[in-house]
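Visitor: Input sequences plus hints: build the corresponding full structure.
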Amino acid sequence: MSRNLVPKFVLILVLVAVAVLTLYPPSATLKPGIDLAGGTSLIFAIDTEGLSAEEEQDLAQKMITVLRRRVDPANIQNLVWRPLGNTRFEIQMPLSSKETQVKRDEFQAAMEALDRRNVNPAVIMRALKLPVDQRSEEFTRFGQGDPNHLKILTDLATAHDERQQAQQQRDALTAQIQAAGERIKAASLDLARIDANRRDWGKLNDEALTKTLTDFLGPQAQEASLALVRTYIRDRMTLAEVLNQLAGQGGLNEKYTEARKQIDRLSLTQERITYALELTPPSKRAGEIARIKSQYPDRATEIDRAVAAYDGYRPFQGRLDDPADLRRMLKGAGVLEFRILPTVGRPELSTAEIQRYQEGLTTKGPQAGSDSQYKWIEIENIEEWSQSGAIVGQFGEKYYVLASHRPDETMLHRAGATREWKLESASPTHDEYGRRAIAFTLDLKGG
111 MSRNLVPKFV LILVLVAVAV LTLYPPSATL KPGIDLAGGT SLIFAIDTEG
161 LSAEEEQDLA QKMITVLRRR VDPANIQNLV WRPLGNTRFE IQMPLSSKET
211 QVKRDEFQAA MEALDRRNVN PAVIMRALKL PVDQRSEEFT RFGQGDPNHL
261 KILTDLATAH DERQQAQQQR DALTAQIQAA GERIKAASLD LARIDANRRD
311 WGKLNDEALT KTLTDFLGPQ AQEASLALVR TYIRDRMTLA EVLNQLAGQG
361 GLNEKYTEAR KQIDRLSLTQ ERITYALELT PPSKRAGEIA RIKSQYPDRA
411 TEIDRAVAAY DGYRPFQGRL DDPADLRRML KGAGVLEFRI LPTVGRPELS
461 TAEIQRYQEG LTTKGPQAGS DSQYKWIEIE NIEEWSQSGA IVGQFGEKYY
511 VLASHRPDET MLHRAGATRE WKLESASPTH DEYGRRAIAF TLDLKGG
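If you use this note's numbering, the sequence shown corresponds to residues 111 to 557, in order.
These are computed hints drawn from the structure, not numbers from a lab.
Any given hint could turn out to be false.
Stated by the list, open to error - Per label pair, the in silico range of CB-to-CB distance: (1) 285 - 545: 57 to 65 Å; (2) 157 - 244: 27 to 35 Å; (3) 549 - 285: 54 to 62 Å.
Claimed, not checked - No more than 27 Å apart at the CA atoms, straight line, and that leaves these computed lysine-lysine pairs for DSSO-like: (4) 261 - 172; (5) 172 - 371; (6) 485 - 532; (7) 441 - 394; (8) 261 - 239; (9) 508 - 441; (10) 508 - 365; (11) 474 - 485.
The beta-carbon is built from N, C-alpha and C at its ideal position, and this holds for glycine as well.
Guide: Written as structure tokens, this is what we have:
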């Protein structure tokens, strides 16, 4: 019998050893609940205005189901959700350990150090208006010792100066032409006929133009009138050339826009570095971090510190560390918004602008890649997405659609808004093609 027990004891010892290795270190792998570690209990009330008693039935449990899918879809945050009747619910959040808080603070400090190396585009744009010598000093400081970043700034300065010079020439010519036009009319000359012929006349050399204008004005025309019309035509032709330099394909406006877009490369967003830190497998993660360091060689030390701090904090992740994190994740949950989606081929956005937004999403993330005009909104399930013509982009493993953020193309619940609206009812239905859809009714303000 003793011989039969030996394998069993060996198996037990192996299982115990595996369990110990799995749970080590216990401070990082065993997360005590609120009864042992203490923590925070948050109680929320649901606004049931306009709902019938039947609609309030089990409302808290339904709300918990929706919020859990938003906050903790994998059920790894160690949160306790509890309905309190039909219209209130409680979320219990265990207190994180002291070591967890320390590791989290170290990681946040490393990320903030990276943030401080970023250059605000608004600061760069203000520096463009400084005198040349002072601007060069500021741009050298903004470049932070990286010749590639300094070249981005000097290219922007060159594009800005050339464009500004052309704009000043355009404005001066426009003023001259308007004044000359008034003098032509005051001299009782036919300005409309001159404008109708100026393109053909403008192609003539000086001798041919003088002869043509003499025939047009008549032999009794004074030399002053002849010179006035001749200068008017030459100025109009010069203005056309300047306008083409500014607005033509590959012109100064386009070059300036492209140079201005490049200054985004001076900022490493938290979204991008966090995406790289969370990548799996390790080889893919290392490749993305190396790519970031090659683009920001002056920040290699700060990036390495952020990587080390994240690796130290990573074993303690898996739950929310602070009630503020939970409130932030719950903010906006269940808030209905309506946004118009710009589409490809429409005049709202040019092909170049669409490419700029998609590039911004890829390189900076959805938050930093959005602006006051358009915003990237996450698509919950790309396989079920069927909106034809919508502008879609990808950041990491997630897909996003570009939506309007303009006041006249959105219905949002903005802070301090004087005209609030409300959804009165919603129900499942089908569209004209038999596809599943949602029917809804808004109140008078919303409708």
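Visitor: With reference to the structure, classify each hint as holding or not holding.
Guide: Each hint, compared with the structure:
Distance hint check: the CB atoms of residue 285 and residue 545 are about 59 Å apart, consistent with the given range 57 to 65 Å. With their beta carbons about 55 Å apart, residue 157 and residue 244 fall outside the hinted range of 27 to 35 Å. In this structure, residue 549 and residue 285 meet the distance hint of 54 to 62 Å, their C-beta atoms being roughly 59 Å apart. Between residue 261 and residue 172 the alpha-carbon distance is near 56 Å, which puts this suggested pair outside the 27 Å criterion.
Using a Cα cut-off of 27 Å, the hinted pair residue 172 and residue 371 is violated, with the two alpha carbons roughly 45 Å apart. Straight-line distance between C-alpha atoms of residue 485 and residue 532 comes to about 23 Å, which keeps the hinted pair within the 27 Å bound. For the suggested pair residue 441 and residue 394, the alpha carbons sit about 33 Å apart, so the restraint of at most 27 Å is broken. Pair hint residue 261 plus residue 239 holds up; C-alpha atoms about 18 Å apart against a cutoff of 27 Å.
With a C-alpha separation of about 21 Å, the suggested pair residue 508 and residue 441 falls inside the 27 Å cut-off, and the hint holds. With a C-alpha separation of about 32 Å, the suggested pairing of residue 508 with residue 365 is violated against the 27 Å cut-off. Distance hint between residue 474 and residue 485 is fulfilled; the C-alpha atoms sit about 13 Å from each other, no more than 27 Å.
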